[in-house]
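> In order, the protein sequence lines correspond to chains R and V.
If you're matching positions, the first sequence starts at 1 in our numbering and goes up one per residue.
If you're matching positions, the second sequence starts at 289 in our numbering and goes up one per residue.
Treat each hint with caution, since some may be false.
[Said to hold, decoys possible] Chain R stretches covered by chain V per the calculated footprint, using a threshold of three residues with CB under 8 Å from any CB of chain V:
#1 64 to 70
#2 80 to 86
#3 148 to 156
#4 257 to 265
#5 272 to 282
No wet-lab data here; the hints were simulated from the structure.
What you are looking at is a predicted structure, and each value in this text was computed from that prediction instead of being measured.
Virtual Cβ for every residue (Gly too), placed ideally from N, Cα, C.
Given next are the chains, with one letter for each unit.
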Amino acid sequence: MSSQVRFTDFKSDKQPTWCPGCGDFGTMNGMMKALANTGNDPDNTFIVAGIGCSGKIGTYMHSYALHGVHGRALPVGIGVKAANPNLEVMVAGGDGDGYSIGAGHFVHAVRRNMDMTYVVMDNRIYGLTKGQFSPTSREDFETSTSPDGTHQAPVNPLALALAAGGTFIAQSFSSDAQRHAQIVQEAIEHPGFGFVNVYSPCVTFNDVDTYDYFRDSLVDLADDEDYDSTDYDQAKEVILDSDKEYQGVIYRDENSVPYNESMGLTENMSEIPDGAPEDAMDLVREFY
Amino acid sequence: MPEDLNWAIGGEAGDGIDSTGKIFAQALSRAGRHVFTSKDFASRIRGGYTAYKVRTSVDRVESVVDRLDILIALTQRTVDENLDELHEGSVIIYDGERTTMQDLEIPEGMIGLDVPLKSLAEDAGGAIMRNVVALGAACAVADFPIENLDESLQKRFGGKGESIVENNKEAARLGREYVRENYDHEFDYELETTDADYVLLNGDEAIGMGAIAAGCRFYSGYPITPATNVMEYLTGRIERYGGAVIQAEDELSAINMALGAARAGARAMTATSGPGIDLMTETFGLVATTETPLVIVDVMRSGPSTGMPTKQEQGDLNMLLYGGHGEIPRFVLAPTTVSECFHKAVEAFNLAEKYQTPVFLAADLALAVTEQTFPPEEFDMDAVEIDRGNVVSEGQIDEWVSESGQFQPHLETEDGISPRTFPGNAGGAHMTTGLEHDALGRRTEDTDVRVDQVDKRNRKVETAIEREDWSPREFGDADSDTLIISWGSNEGAMREAMGFLEEDGVSVRFVSVPYIFPRPDLTDAVEAADEVIVVECNATGQFADLVEHDALTRVKRINKYDGVRFKADELAEDVKRVLGESAEVTA
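Full structure from sequences and hints, please.
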């Protein structure tokens with residue numbers, strides 16, 4: 001079946017209401033291509049999204065999907081994967097969704113290492129609520145709720161993931177379509193929690209972290225022959241380098257054992273008998 | 289009245305009170321006696337007063353009374369805390385060699401048995417067994433065959449090796465012999481044994497067992513008193529049936545994981561107590577509006593805020609009924625006994641899937657920590673029926689798609705129940721969202737669609753009211769002028785209180801309600817009675833408000849909110865007071 005699936009099969013007939021030029025178009029297209037390239041089809045794919053511009057993605061894609069509450073998409077994805085490990089589970093969120101209200105879940109999802117993919121559309125601003133600073137906004141970023149800067153250091157999501165024991169940490173840029181799709185594909189193929197932070201510019205409210213800014217400043221790790229993504233120390237150096245922006249697979253733990261595997265989660269839990277299990281009286285006898 | 293014995297062991301948390309009490313309760317159960325246990329415990333690991341109480345009879349016992357016959361006191365405070373329940377002739381077993389207990393004054397009329405628990409335990413192989421020495425002493429007092437104690441010592445310590453078991457058996461015998469040799473007092477007890485084989489379990493365990501029987505395969509939760517036992521029970525057991533327990537990072541995550549698992553087609557559950565329900569409330573709305581079947585257990589404790597985590601209350605009723613922004617269809621079930629925890633758990637899963645609606649299962653601390661004996665047939669696994677509702681198989685999906693060929697998870701139907709398909713099923717791909725949505729699950733702000741979808745979700749409740757049996761449990765004199773209504777765990781105490789009342793010539797009709805929403809229509813019963821009293825463990829009478837609302841009348845109320853469950857004899861007094869009588873009721 002997989003050979004016949006095209007990425008457009010993952011497209012719904014709903015027209016996106018994202019602003020013209022929004023980075024999220026490219027982010028979504030890359031996700032659809034990556035899903036199709038990895039042999040998935042809409043019927044075995046489950047997309048979970050949170051709230052905000054990024055959260056709309058489930059509406060514009062075609063698959064089994066749930067659009068949840070703000071910040072809580074990751075636990076939903078974990079539950080889906082646990083109940084049916086045969087499904088391809090992809091969670092999409094924004095920087096507010098993932099690193100602010102959902103930061104707790106992010107850290108624990110990373111360390112839990114369930115075999116799923118997490119794509120964060122990072123535009124360094126709150127778009128849908130019309131332009132407040134986000135957890136990844138720069139310290140001097142002026143917005144309606146930070147007229148003279150945020151007075152706080154931005155969250156470094158890659159460092160957070162590394163500190164939490166992340167087994168696959170990557171970054172991409174939505175307008176570098178081919179690289180972005182390739183990186184998401186690698187995240188899907190990774191056995192464990194594949195985390196991709198995607199620079200996905202907001203053309204309406206963020207005039208600092210623009211397409212031009214990323215185009216000019218991005219360093220692609222694929223261009224560096226000496227870079228070894230399985231080398232923890234190199235990854236740490238790149239992640240803590242605040243002078244540059246990077247794209248590519250930054251860290252990959254080759255010994256990653258996914259949570260579903262180590263927990264022995266192999267069964268599709270939707271299939272249950274018509275009555276109590278045959279040996280259910282044993283459950284009672286334990287209380288003698 | 290059953291010929292009952294009330295026994296307790298008390299000391300500091302960390303003294304092994306719980307396991308000692310459990311050993312004795314199991315011994316009684318193995319001897320074919322009914323047991324009903326209750327616990328006084330503080331919210332700490334070590335230190336602080338804690339007690340394990342056992343009421344036992346050859347007849348079924350379903351409540352506690354205000355009376356203590358034999359008390360093993362490991363601390364002075366144990367005696368002080370229980371002074372109200374001790375009576376003339378009560379036996380207090382203590383260790384007078386212990387420095388803190390040398391000055392123990394046995395209250396007038398009671399019998400103090402000074403037993404060197406620690407020394408005798410050392411003789412048997414180690415001071416750690418002093419509680420078991422005390423159990424042996426209690427066997428002597430109660431004239432209870434020590435061989436029955438041996439069986440439960442084997443069960444408790446068998447895993448640690450035969451010599452440990454033998455040492456414990458010896459410790460118990462030393463305790464028994466010490467009492468026999470040093471006290472020639474004739475004790476009035478003779479604990480009869482029977483051939484019956486009972487199982488002994490608490491409400492949390494019964495909920496977990498019901499969940500597995502009902503096909504629950506996914507559980508996520510966060511530890512919280514007094515609900516943690518549900519998670520601990522399921523861990524290691526649910527896996528045998530291909531399921532999994534995930535300990536989440538918080539309750540927000542717990543309910544969202546359960547939601548995900550339910551969307552993937554698993555029967556899923558989470559359990560928590562009041563503070564956790566607060567945290568889950570946002571996602572609860574998502575569960576309801578996405579029409580996801582989910583069972584959420586609230587094992588209530590004293591609130592508000594962190595309140596009294598180890599104390600009893602039924603204070604969350606309004607939150608379960610009304611919690612969450614907007615208007616959310618839900619079912620609220622409240623088991624009335626430990627065994628009903630099992631049956632209502634099974635029912636909760638069926639209701640959740642048949643109506644694609646979240647179901648609250650409201651237990652409380654008194655049910656959760658009470659261990660009670662039952663004939664095993666009470667948990668009839670053959671009677672468990674599983675109804676998954678309107679699940680559409682792969683071959684039938686085409687019948688349920690829109691004109692454009694897409695599956696419609698929120699299709700408007702006459703009974704409000706839409707088709708359901710599980711991820712992985714070809715042709716069934718669909719989304720759903722907490723935003724108001726159309727039949728396809730897609731966001732809408734269309735006024736007509738909005739109204740239709742709200743009506744559709746509410747219509748499921750109407751359908752359920754028609755199709756299911758929401759009857760209460762009835763006891764006592766159906767023609768009595770006095771109607772007493774309670775919900776949840778008060779049933780046992782009230783049933784026994786009826787016996788006390790009967791002795792004093794007061795007969796009542798008692799209706800015990802296990803369904804909060806939908807609930808039985810009690811209007812006729814209320815109108816037929818001269819006096820209506822609603823009994824519940826909260827200060828404001830949350831269920832009484834509902835009865836008044838339904839029947840358009842005023843009722844009287846008995847409210848208890850000191851953190852302790854109703855005691856049968858105390859409740860009988862309360863009923864008389866409300867009825868305007870003053871006679872003493874004695875247990």
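> Take the region 80 to 86 of chain R, compare each residue's beta carbon with every beta carbon of chain V, and decide whether three or more fall closer than 8 Å.
holds (count 6)
> Verify this for me: three or more residues of the region 272 to 282 of chain R with a beta carbon less than 8 Å from a beta carbon of chain V.
It holds: at least three residues are needed, and the region 272 to 282 of chain R offers 8 whose Cβ sits within less than 8 Å of chain V.
> Just to make sure I understand the rule, a stretch counts as covered if three or more of its residues have a C-beta closer than 8 Å to a C-beta of the chain. Does the region 64 to 70 of chain R meet that for chain V?
It holds: at least three residues are needed, and the region 64 to 70 of chain R offers 6 whose Cβ sits within less than 8 Å of chain V.
> Checking C-beta pairs, does the region 257 to 265 of chain R have three or more residues closer than 8 Å to chain V?
holds (count 3)
> Counting residues of the region 148 to 156 of chain R with a beta carbon closer than 8 Å to any beta carbon of chain V, are there 3 or more?
violated (count 0)
Checked against the numbered hints given earlier, this structure breaks only hint 3.
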